[in-house]
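Starting from the known structure of chain A, fit chains B, C and D onto it as the hints suggest.
Protein chains in written order, with the numbering used here: chain A, 1 to 284; chain B, 1001 to 1284; chain C, 2001 to 2284; chain D, 3001 to 3284.
No wet-lab data here; the hints were simulated from the structure.
Positions of the beta carbon are idealized from the N, C-alpha and C atoms, including for glycine.
Mixed in with the good hints there might be a few duds.
Which stretches of chain A does chain D cover? Using the computed rule of at least three CB atoms under 8 Å from a CB of chain D, they are [to be verified]: (1) 82-91; (2) 137-144; (3) 200-213.
No farther apart than 20 Å at their CA atoms in a straight line, the calculated lysine to aspartate or glutamate pairs in the EDC-like style are these [claimed, not checked]: (4) A/K243 - B/D1244; (5) B/K1272 - A/D35; (6) B/K1252 - C/D2236; (7) D/K3013 - C/D2054; (8) B/K1013 - A/E270; (9) A/K272 - D/D3244; (10) A/K13 - B/D1054; (11) C/K2277 - B/E1132; (12) A/K96 - C/E2112; (13) C/K2243 - A/D61; (14) B/K1243 - C/E2112; (15) A/K252 - C/D2228; (16) D/K3267 - B/D1248; (17) C/K2243 - A/E270.
Label-pair ranges, simulated between beta-carbon atoms [as the list claims (entries may be wrong)]: (18) C/K2087 - D/K3013: 56 to 66 Å; (19) C/E2116 - A/R203: 30 to 40 Å; (20) A/D179 - B/L1070: 56 to 66 Å.
Below, each chain spelled out in residue letters.
4 protein chains.
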Amino acid sequence: MVRAQLLLHCPDKPGIIAQVTNFITVNKGNIVYLDQYVDHVENIFFMRIEWELDGFLIPKDKIEDYFQTLYAQKYDMSFRIYFTDYKPRMAVFVSKMSHCLYDLLARYTAGEWEVEIPLIVSNHEDLRHVAERFDIPFHCFPVTPDNKAEQEAKEMTLLKEKGVNFIVLARYMQVISEDMIKAYPNRIINIHHSFLPAFVGARPYHAAYARGVKIIGATSHYVTTELDAGPIIEQDVVRITHKDTVADLISKGKDLEKIVLSRAVQKHIERKCLVYKNRTIIFS
Amino acid sequence: MVRAQLLLHCPDKPGIIAQVTNFITVNKGNIVYLDQYVDHVENIFFMRIEWELDGFLIPKDKIEDYFQTLYAQKYDMSFRIYFTDYKPRMAVFVSKMSHCLYDLLARYTAGEWEVEIPLIVSNHEDLRHVAERFDIPFHCFPVTPDNKAEQEAKEMTLLKEKGVNFIVLARYMQVISEDMIKAYPNRIINIHHSFLPAFVGARPYHAAYARGVKIIGATSHYVTTELDAGPIIEQDVVRITHKDTVADLISKGKDLEKIVLSRAVQKHIERKCLVYKNRTIIFS
Amino acid sequence: MVRAQLLLHCPDKPGIIAQVTNFITVNKGNIVYLDQYVDHVENIFFMRIEWELDGFLIPKDKIEDYFQTLYAQKYDMSFRIYFTDYKPRMAVFVSKMSHCLYDLLARYTAGEWEVEIPLIVSNHEDLRHVAERFDIPFHCFPVTPDNKAEQEAKEMTLLKEKGVNFIVLARYMQVISEDMIKAYPNRIINIHHSFLPAFVGARPYHAAYARGVKIIGATSHYVTTELDAGPIIEQDVVRITHKDTVADLISKGKDLEKIVLSRAVQKHIERKCLVYKNRTIIFS
Amino acid sequence: MVRAQLLLHCPDKPGIIAQVTNFITVNKGNIVYLDQYVDHVENIFFMRIEWELDGFLIPKDKIEDYFQTLYAQKYDMSFRIYFTDYKPRMAVFVSKMSHCLYDLLARYTAGEWEVEIPLIVSNHEDLRHVAERFDIPFHCFPVTPDNKAEQEAKEMTLLKEKGVNFIVLARYMQVISEDMIKAYPNRIINIHHSFLPAFVGARPYHAAYARGVKIIGATSHYVTTELDAGPIIEQDVVRITHKDTVADLISKGKDLEKIVLSRAVQKHIERKCLVYKNRTIIFS
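So that you can see chain A by itself, here it is in the shape it has in the complex:
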């Protein structure tokens, strides 16, 4: 049964929950999910609500318009409506390391996620064999300082052709340029192999080893123009000891990276992430 998913935020005022739930109930929608949160510092109300469209009195293609007219302008809301019969289309960008890619594709192939993966993009040929194992088109755009702008332009054309909604950087070892980031605002998900904001930038496991930390982490975040500084979606950590070499950190970190990235991607696919001022609200 198709469901509508509404995400919104607006200045907090009395009565918003009552009004929104009433709108759905009165029009004979069956609410199957509701999570809300008030940021009392910023005085902002956030909500995610999901209802079954079967028997809903407002036609699917009019819901957005009605909601805009009746509530959004009144409460100064930002909102988005999604429908569960549309599968988002996700591009995966990789370089040479396969662990995150395998984890994403294993879930995809097993049908764990409501998503389509129309293509994999890379700056190297190394992982073409993985794409082929899973029968997914693989496009290689080798990037050099000289051709970067040109290659990204080609990538963006291809993404557009393929109807890509969001991008997952599965250990893609290239900085994404501002143009692409602006084309996919809060829709490029990166995995950084440290517990951000510790160890921003290159070689975080080497830096973690040098600092002598007792715990390492991984962080998945939306990409913004400032390196490794975008809104954090998910983090996790694992304990290490003085006995762990840099190679051990890299090995233990791989497991973290793939799990943390996949959790973040899942939340994004489920439309449970909302970004506000460089922080994420992750609905339950």
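Relative to the frame of chain A, chains B, C and D by itself:
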């Protein structure tokens, strides 16, 4: 500013959230907290909502009555209303180990919790000195198989005199009898030194060592008549290795026990625990 | 450079470390790893030591014999010597769920482990496509109560032909019979989808949900004739809340299962697991 | 029974373990603990070994001399010998927050640690009542920019009088000056309320909230002249969500801080921490 805290559950039906939030808003209550959850297996709606009473149109002592008449009977609700100007009164039961007791009293003395501790009860004299350090009355009721019923009766009389609302068993090494459990339903909080339901009963660290587990845990739960089988409020774990002796497990476990117990007590004090069919809903 | 790996245990006596390290050093072996542990309850000494064979004065094929004669009989040792130029051969048994299998094969294909996987065995056809994606022979032995003994006999013949040293049950939903367990003592690794010893047997996520636990786990262990009671190699946990349905537990549990199983398999491949009286020593 | 505890490190060479264990065994010492580790990057060997002195042929007060002559100069070792009949003397420095202090004193009073606490030092009067509850002398040295050098000089005189071996900064909100750090090299233990190296300096919970992290941490480290940059002894973390306010982070963080600090102090008391080039080796 005094706030009202309403906890309720009832069969799930459309419109409940709208009605309840509307009831508060229309009567000029400012909602400062709302968390709700639907158990789609049992089809039960759960809610915790909190609002400021300043300017609320219904007098504080009439709220329960109004809510009962207007909503509770209509929706077949179970509900409780609390007010933040009443501090719950908590009795602590201990035997010989001090770690949980110190942790509770340190928080209490530092003013971390909105609670009163009018007394500490024990079956041994060992921890009287701790009670004295914190200037809290200490009552010793030595328990033997012969005098248990009699001593518990005395304890219950004393608890009643002191206006105790709930009891915390801070490593109290005695099984509580059915009478006392019935007098404090879902209001006796125990800490069990294992990851329940593993290692029910006595000497769980010895059992964990014998089984060769790689992680140990602690569990805080409401006491029911079945031993170590009541609704779980909070659990946590810590990693161990083959190098850890039983003494090491006991030592590492102590830190778990006190933190897990204190987290559970805090949730109870904040009226964020709701029990339904031997499971807890822990509001955020 | 080829290295020897010696694992041993024996009654603890003064001087064993000195003697063993001296044996290697005097014969010009370069020790690159040493970990030892004394179980003071059982009074047993455990050790894992690894040295480079380049320039070692005792020929590789005589080391076992010399060590037996010079030390093992003197100290009543149990020991095993492995060499790093021999890759152990691992069979993977699966049923219908793919997550653990993909995780194992992704690591194998990426060259993370010093192991060979000559075959995958299943009682169902469902995962043949996964084996084919990774070019690994897939053998299906449908098992019924009637043909179980016969099918296992065929499986064991096949395992022998393929030179299999150990078996990984990657969510293989069949109880292994005593004959096969005896043929691979402490060499069959299972993943159980609970925090053992809680929730032994079938449908542990349903049981965890019913019990209302706040944390779920996964356990990898060697298979013994008593169900889910063998020596534990690795465990891990993840936090859940009352909002998680059984389906959520299954989904979150999958990530635990694959990581915990892979960690256990890695420790086994590295010859870092030693079993003593139903407990494991996991060398660092 | 009195035991000797030897910690050493030196350039790695064949035969060191054999020689050291042999030295103890030949002289009729019963080894009850041994942990060693080789840093293959720096080529340094680290060892902690513990043996019973009962029947040991070398007199207690000659052991250091013998070991120096026979082994330390030969292998270019740095080493220290401790005896279990000497309890180290620890000063606790506090400001206004009591949670870490209570945790330390509860353990001390319960006899968990082999340590003496001859005094508590503070720059404020706020926690005098805590010291008094536990009958420990409390010395207040109010610090201003003008009198800091003078006050620290008085503190150091007092510490010397009291025979203090090491200092624990239990949320002492003052930067320690270079003179005091040099007087107690790797013997001042601090607790920083973040997951270092993230959020160095003041108000880390505010910074963590602003950055939108999903996990917060605490770090215990030895104090060096660079702020929050000393060798890390222990870290731990706890998961948070977007719902947690700064006040929630502070509250959850307190539990982390006290546990992490106490674990670090315990390792120090047990002489299981060894510092090498700004990293710690934490023996098992």
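For each hint, the structure was consulted:
Against chain D, the region 82-91 of chain A contributes 0 residues with a C-beta closer than 8 Å to a partner C-beta. That does not satisfy the three-residue criterion, and the hint is violated. Only when three residues or more bring their CB closer than 8 Å to a CB of chain D does the claim for the region 137-144 of chain A stand; here the count is 0, and the claim is violated. Note: the region 200-213 of chain A has 3 residues with beta-carbon separation from chain D under 8 Å; the three-residue rule is met and the coverage holds. The straight-line distance between the Cα atoms of A/K243 and B/D1244 is roughly 18 Å, inside the 20 Å bound, and the hint therefore holds.
Taken as a hint, the B/K1272 and A/D35 pair is honoured in the structure, with Cα atoms around 17 Å apart against an allowance of 20 Å. Restraint check: the Cα-Cα separation between B/K1252 and C/D2236 comes to about 17 Å, which is no more than 20 Å; the hinted pair holds. Of the supplied pair hints, the one linking D/K3013 and C/D2054 holds, its CA atoms being roughly 17 Å apart against a limit of 20 Å. For the proposed pair B/K1013 and A/E270, the alpha carbon gap of about 25 Å is over 20 Å, so the pair is violated.
Taking the CA atoms of A/K272 and D/D3244, the gap is near 18 Å; set against the 20 Å cutoff, the hint holds. For a cut-off of 20 Å, the pair hint linking A/K13 to B/D1054 stands: about 17 Å separates their Cα positions. A distance of roughly 47 Å separates the Cα atoms of C/K2277 and B/E1132; the hinted pair therefore is violated under the 20 Å criterion. Restraint check for A/K96 and C/E2112: the C-alpha separation of about 14 Å stays at or below 20 Å, so the hint holds.
For the proposed pair C/K2243 and A/D61, the alpha carbon gap of about 31 Å is over 20 Å, so the pair is violated. With a CA separation close to 28 Å, the supplied pair B/K1243 and C/E2112 exceeds the 20 Å bound. Between the alpha carbons of A/K252 and C/D2228 the distance comes to roughly 27 Å, so the proposed pair goes past 20 Å and is violated. Taking the CA atoms of D/K3267 and B/D1248, the gap is about 13 Å. The hint holds against a cut of 20 Å.
A distance of roughly 16 Å separates the Cα atoms of C/K2243 and A/E270; the hinted pair therefore holds under the 20 Å criterion. Distance hint check: the CB atoms of C/K2087 and D/K3013 are about 32 Å apart, inconsistent with the given range 56 to 66 Å. The beta-carbon spacing between C/E2116 and A/R203, approximately 33 Å, falls within the hinted interval of 30 to 40 Å. Judged by the Cβ atoms, the range 56 to 66 Å given for A/D179 and B/L1070 holds: they are separated by roughly 58 Å.
Going down the numbered hints, you'll see the structure goes against 1, 2, 8, 11, 13, 14, 15, 18, while the others check out.
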